[in-house]
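> The residues making up each chain are set out below.
Protein chains: 2
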Amino acid sequence: MYRSNTCGELNASHIGQEVTLSGWIQKIRDKGFVAWIDLRDRYGITQLVFDEDRTSKELLELTRTLGRETVIQIKGEVIERASKNKNIPTGEIEVLVSKLTVLNESLLPPFTIEDETDGGEDIRMKYRYLDIRRNPVKDNLIFRHKVSMEVRKYLSDQGFIDVETPYLIKSTPEGARDFVVPSRMNEGQFYALPQSPQTFKQLLMVGGMDKYFQIVKCFRDEDLRADRQPEFTQIDCEMAFVEQEDILNTFEGLTKHLLKEIKGIEADNFPRMTFDEAMKRYGNDKPDIRFGMEFGKLNKVAQHKDFNVFNSAELVVGIAVPGGNSYTRKEIDKLTDWLKRPQVGALGMVYCRCNEDGTYKSSVDKFYDQEDLGKWAEVTGANAGDLICVLSGDTTKVRAQLSALRMEMAERLGLRKADEFAPLWVIDFPLLELDEETGNYHAMHHPFTSPKPGQLELLDTNPGEVKANAYDLVLNGNEIGGGSIRIHDKEIQATMFKHLGFTPEEAKAQFGFLMDAFQYGAPPHGGIAFGLDRLVSILGGQETIRDFIAFPKNNSGRDVMIDAPANLDEEQLKELNLKLGI
Amino acid sequence: MYRSNTCGELNASHIGQEVTLSGWIQKIRDKGFVAWIDLRDRYGITQLVFDEDRTSKELLELTRTLGRETVIQIKGEVIERASKNKNIPTGEIEVLVSKLTVLNESLLPPFTIEDETDGGEDIRMKYRYLDIRRNPVKDNLIFRHKVSMEVRKYLSDQGFIDVETPYLIKSTPEGARDFVVPSRMNEGQFYALPQSPQTFKQLLMVGGMDKYFQIVKCFRDEDLRADRQPEFTQIDCEMAFVEQEDILNTFEGLTKHLLKEIKGIEADNFPRMTFDEAMKRYGNDKPDIRFGMEFGKLNKVAQHKDFNVFNSAELVVGIAVPGGNSYTRKEIDKLTDWLKRPQVGALGMVYCRCNEDGTYKSSVDKFYDQEDLGKWAEVTGANAGDLICVLSGDTTKVRAQLSALRMEMAERLGLRKADEFAPLWVIDFPLLELDEETGNYHAMHHPFTSPKPGQLELLDTNPGEVKANAYDLVLNGNEIGGGSIRIHDKEIQATMFKHLGFTPEEAKAQFGFLMDAFQYGAPPHGGIAFGLDRLVSILGGQETIRDFIAFPKNNSGRDVMIDAPANLDEEQLKELNLKLGI
Numbered sequence: 000m001y002r003s004n005t006c007g008e009l010n011a012s013h014i015g016q017e018v019t020l021s022g023w024i025q026k027i028r029d030k031g032f033v034a035w036i037d038l039r040d041r042y043g044i045t046q047l048v049f050d051e052d053r054t055s056k057e058l059l060e061l062t063r064t065l066g067r068e069t070v071i072q073i074k075g076e077v078i079e080r081a082s083k084n085k086n087i088p089t090g091e092i093e094v095l096v097s098k099l100t101v102l103n104e105s106l107l108p109p110f111t112i113e114d115e116t117d118g119g120e121d122i123r124m125k126y127r128y129l130d131i132r133r134n135p136v137k138d139n140l141i142f143r144h145k146v147s148m149e150v151r152k153y154l155s156d157q158g159f160i161d162v163e164t165p166y167l168i169k170s171t172p173e174g175a176r177d178f179v180v181p182s183r184m185n186e187g188q189f190y191a192l193p194q195s196p197q198t199f200k201q202l203l204m205v206g207g208m209d210k211y212f213q214i215v216k217c218f219r220d221e222d223l224r225a226d227r228q229p230e231f232t233q234i235d236c237e238m239a240f241v242e243q244e245d246i247l248n249t250f251e252g253l254t255k256h257l258l259k260e261i262k263g264i265e266a267d268n269f270p271r272m273t274f275d276e277a278m279k280r281y282g283n284d285k286p287d288i289r290f291g292m293e294f295g296k297l298n299k300v301a302q303h304k305d306f307n308v309f310n311s312a313e314l315v316v317g318i319a320v321p322g323g324n325s326y327t328r329k330e331i332d333k334l335t336d337w338l339k340r341p342q343v344g345a346l347g348m349v350y351c352r353c354n355e356d357g358t359y360k361s362s363v364d365k366f367y368d369q370e371d372l373g374k375w376a377e378v379t380g381a382n383a384g385d386l387i388c389v390l391s392g393d394t395t396k397v398r399a400q401l402s403a404l405r406m407e408m409a410e411r412l413g414l415r416k417a418d419e420f421a422p423l424w425v426i427d428f429p430l431l432e433l434d435e436e437t438g439n440y441h442a443m444h445h446p447f448t449s450p451k452p453g454q455l456e457l458l459d460t461n462p463g464e465v466k467a468n469a470y471d472l473v474l475n476g477n478e479i480g481g482g483s484i485r486i487h488d489k490e491i492q493a494t495m496f497k498h499l500g501f502t503p504e505e506a507k508a509q510f511g512f513l514m515d516a517f518q519y520g521a522p523p524h525g526g527i528a529f530g531l532d533r534l535v536s537i538l539g540g541q542e543t544i545r546d547f548i549a550f551p552k553n554n555s556g557r558d559v560m561i562d563a564p565a566n567l568d569e570e571q572l573k574e575l576n577l578k579l580g581i
Numbered sequence: 000m001y002r003s004n005t006c007g008e009l010n011a012s013h014i015g016q017e018v019t020l021s022g023w024i025q026k027i028r029d030k031g032f033v034a035w036i037d038l039r040d041r042y043g044i045t046q047l048v049f050d051e052d053r054t055s056k057e058l059l060e061l062t063r064t065l066g067r068e069t070v071i072q073i074k075g076e077v078i079e080r081a082s083k084n085k086n087i088p089t090g091e092i093e094v095l096v097s098k099l100t101v102l103n104e105s106l107l108p109p110f111t112i113e114d115e116t117d118g119g120e121d122i123r124m125k126y127r128y129l130d131i132r133r134n135p136v137k138d139n140l141i142f143r144h145k146v147s148m149e150v151r152k153y154l155s156d157q158g159f160i161d162v163e164t165p166y167l168i169k170s171t172p173e174g175a176r177d178f179v180v181p182s183r184m185n186e187g188q189f190y191a192l193p194q195s196p197q198t199f200k201q202l203l204m205v206g207g208m209d210k211y212f213q214i215v216k217c218f219r220d221e222d223l224r225a226d227r228q229p230e231f232t233q234i235d236c237e238m239a240f241v242e243q244e245d246i247l248n249t250f251e252g253l254t255k256h257l258l259k260e261i262k263g264i265e266a267d268n269f270p271r272m273t274f275d276e277a278m279k280r281y282g283n284d285k286p287d288i289r290f291g292m293e294f295g296k297l298n299k300v301a302q303h304k305d306f307n308v309f310n311s312a313e314l315v316v317g318i319a320v321p322g323g324n325s326y327t328r329k330e331i332d333k334l335t336d337w338l339k340r341p342q343v344g345a346l347g348m349v350y351c352r353c354n355e356d357g358t359y360k361s362s363v364d365k366f367y368d369q370e371d372l373g374k375w376a377e378v379t380g381a382n383a384g385d386l387i388c389v390l391s392g393d394t395t396k397v398r399a400q401l402s403a404l405r406m407e408m409a410e411r412l413g414l415r416k417a418d419e420f421a422p423l424w425v426i427d428f429p430l431l432e433l434d435e436e437t438g439n440y441h442a443m444h445h446p447f448t449s450p451k452p453g454q455l456e457l458l459d460t461n462p463g464e465v466k467a468n469a470y471d472l473v474l475n476g477n478e479i480g481g482g483s484i485r486i487h488d489k490e491i492q493a494t495m496f497k498h499l500g501f502t503p504e505e506a507k508a509q510f511g512f513l514m515d516a517f518q519y520g521a522p523p524h525g526g527i528a529f530g531l532d533r534l535v536s537i538l539g540g541q542e543t544i545r546d547f548i549a550f551p552k553n554n555s556g557r558d559v560m561i562d563a564p565a566n567l568d569e570e571q572l573k574e575l576n577l578k579l580g581i
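Top to bottom, those sequences are chains A and B.
Residue numbering for the first sequence follows numbering that gives the first Met the number 0, beginning at 0 and increasing consecutively.
Residue numbering for the second sequence follows numbering that gives the first Met the number 0, beginning at 0 and increasing consecutively.
Next comes chain A alone, as it looks inside the complex (with noise of 0.2 angstroms):
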């Protein structure tokens, strides 16, 4: 027994106890006569002392010989402290240190254990062992902890199964990239780790398991962008017998559960939103609808005033940023530089200050005259002291364009609140996306996503105008979960697979299983994944899943601290009958 008890837990109750406490050395203040040391654990910290009245001569001198993060085992006894601290559950008390153990030495760490570290992201992931000693990325994980309990709670409450689903599995050339794993036992073949489990859920439900759920890591080789991993964890659900309002419903009820028992929030019933209304309104399928900004469509007000590029433009759009007439010109020139940034990649921004009189002033005055820019103002709903700022060009690329715009002037306003949660279902996905480099049509969300009653036949004459048994949870601008009803039908999923590019015995070979299945009487069945990285941090009030995660990977999907992946031995190789190179 190391310890009777934790550096977190002493208050006023226990004075006159005698107490074993372990941890590490936070701080030492020394003044000679009298020393403290801060102790620390997962738990808090408690004030050691250390005087010349009350101390013997050789424990305080030990302590002069201790460095910070050193391990250490103290008896003492529990003594009111002189000068409480109000900040601290342990604050009212301190440990008259009786007996002192090192039980382990530390070098000087390459960074501070602080809640502001001085350390740089490379050195603490490096580190990353003492990084997680840092309450802020020790919170998170004990945070995340928390989040994944309630969920399975939620769900196992609600009858679902937690089913393991295997990782060592088929690699299917459709979708992302796969991770595969050479078998050594099947000479030539490989197993692949699963992009989600999405075909096992799916044959749970032709098992009859009728709802299952798992927290489940899933892996994808893709290049990485920031903030991407190639090993991600979801909260992976379906559900049979159930139609969309169903699995809404319930998993409505999941993300109000956690707003309730997380943050404290009773949440109201969650807004739904067409795909094609997102667009419109905010140029993107997963709007942050904690402000406005909303997009106003200027074509009608703006085109034919002999401004040839609206004129020509698809899309006339702009949004009216609050308070932006404050904007000096030179700031506005920034933020156009900002705009054709190639990450953003807008062509120049045509603005329209409101002034605080009524009267506007734009940067194309010359076409057109205060009435005409009364009427931008009264589209985009800009009121005096707003900037409205202007996009235009073809309709997709300009509607990515201001969505930026948009988030980016209300990350600028502070209208960004991480303590605000506002939830949103964005509903009838398009079934199928136009590749625009090779002119196919592919899954919006994957193959198994049905398509909604009736547009069936749209696939032969007009497949980007089908829509999908498709939603998103959207929470603060992020998509936290994606779903779908699938498709139950042989025929149906024959079907799809045709019109994705497959060949019949491209489908059977990578799907036969489940087309098989299908055969057998499967039921309707549909349900969602949440990414559980991105949910936590949005939770959390943070963006940045790596936060959140224990151990991540850099963009290179390099794990610094252990240094992989790493060279295999020749022995390795030779076993798994692979060579390198091509």
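Hints were generated in silico from the structure; no laboratory data involved.
Built from N, CA and C at the ideal position, the CB exists for glycine as well.
Treat each hint with caution, since some may be false.
Subject to a maximum C-alpha distance of 30 angstroms in a straight line, what follows is the list of computed DSBU-like cross-link-like pairs (lysine-lysine) [as the list claims (entries may be wrong)]:
1. K216(A) with K125(B)
2. K489(B) with K26(A)
3. K74(A) with K489(B)
4. K573(B) with K216(A)
5. K299(B) with K466(B)
6. K137(A) with K83(A)
7. K145(A) with K145(B)
8. K304(B) with K396(B)
9. K296(B) with K279(B)
FRET-style restraints, in silico, Cβ to Cβ [claimed, not checked]:
10. D114(B) with P88(A): 55 to 65 angstroms
11. E570(B) with L107(A): 46 to 56 angstroms
12. E244(B) with E17(A): 15 to 25 angstroms
Since the structure of chain A is provided, determine the placement of chain B on it from the hints.
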């Protein structure tokens, strides 16, 4: 909404209600003027009724076109059943159907969806989604879910934090073979899938997480033995500032909680036995203590009596098989043949009948008189009517052989009762184990296990004698958990690596990050890991883990349902910079 109720919940209190049900057709009985359908879902079976008086002709005709496992939805009225079935919760009622919709057809399943099916293992694995519809498999998966939930609940309540550790880590040639994952972004390099999160959980302790747990998949590329899976699930746990006693108490608490919540059993404190004692008394480090037949060492009483086989043996040891005297000579010969099979490998067996009249009759009467045999009976605890079975030879081998016999006899005698649970801690394991082939020592648990205090010096002189702070939890003759107090000192860890044959360079390359971590204030720590598959199957009263895994692999590591592993296409290999063949 496909249903107002499930097929498992309607009873007399619902009589008169209009309900909608969905499910699979389990059975149809057609008497011409009346037909019944048993409708099945995860929750139970509800009887549907159709008859000439109350059902439309079309509907009655429709039922005649339906086959087993067809998915249907019905509407109807709950009515009282004429002949009630007390065996099922819905046995008091039936549903008089007014509308029936076929939701999906089914081909005739390749085996019957019944508790006792006509399908063999192979066909059931290929159509595992149909096998899961059967109650025994479905109930096992739901049982597993319950165990997992209780594990998480208990540990979380005890302050353990569920932390997800990475799956893409680094290969370590030590121990079993790793599954590896080629990295496309880091050319020529590989990740490995974890055999366990061992180093990460230790780093979490260095990181101050204090108490960690995770239910996590682990991977071992071993030549599969019966009932081994290449991927398996561990309940993985670690604690800081603990001694062995703390760990044993904590996880005895967990196991008691499971026995109580899952099986309704209030277990006494678990007995503890040293490894040496277990080997002496049961010839086995995971003894089944639900029954006796303890080993009696006969060297003293059976050697130096002119029987050379015994005289030259390192160990002469016997067990008393209760009631075994009823065996015929032929049966005993068959038992001897069983022992001589290569799986057991005994050279032969000496036996001694304990007659009801108190006399003895042995197969070596030439060498032993009644008094001698009376001593055998005394040492083995044999009573009148028993059969003493005696083996001799090399200690290690003969113990294993006699243990196999003991388990076999217990099985035959029905002493291994599925509803009786006898947990046992086995402690004080040897630190090292001699590899007879290479003559080298390797770690019995793993290289991070700490030696007992004061035994470090023995490593140089008598490595086989060094005892470890290592323990196993044994349940009914199966190791369900094992762990140790870890080394937390860099120097001791370096010494261990040296004794395990690592050069300092190899140790640094593979475990440098851990040894580095030990320099920055590593606390004393230890942990345990339970094999969830095994634990669940034993709690479920069975011993085949495959029956408790949703989608298991066969003995060649293949998933015969999805047909994995499989060939990769050339493009994928090329992207990974890999070539097949050596």
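> Checking against the hints above, which ones are violated?
When the structure is compared with the hints, none of them turns out to be violated.
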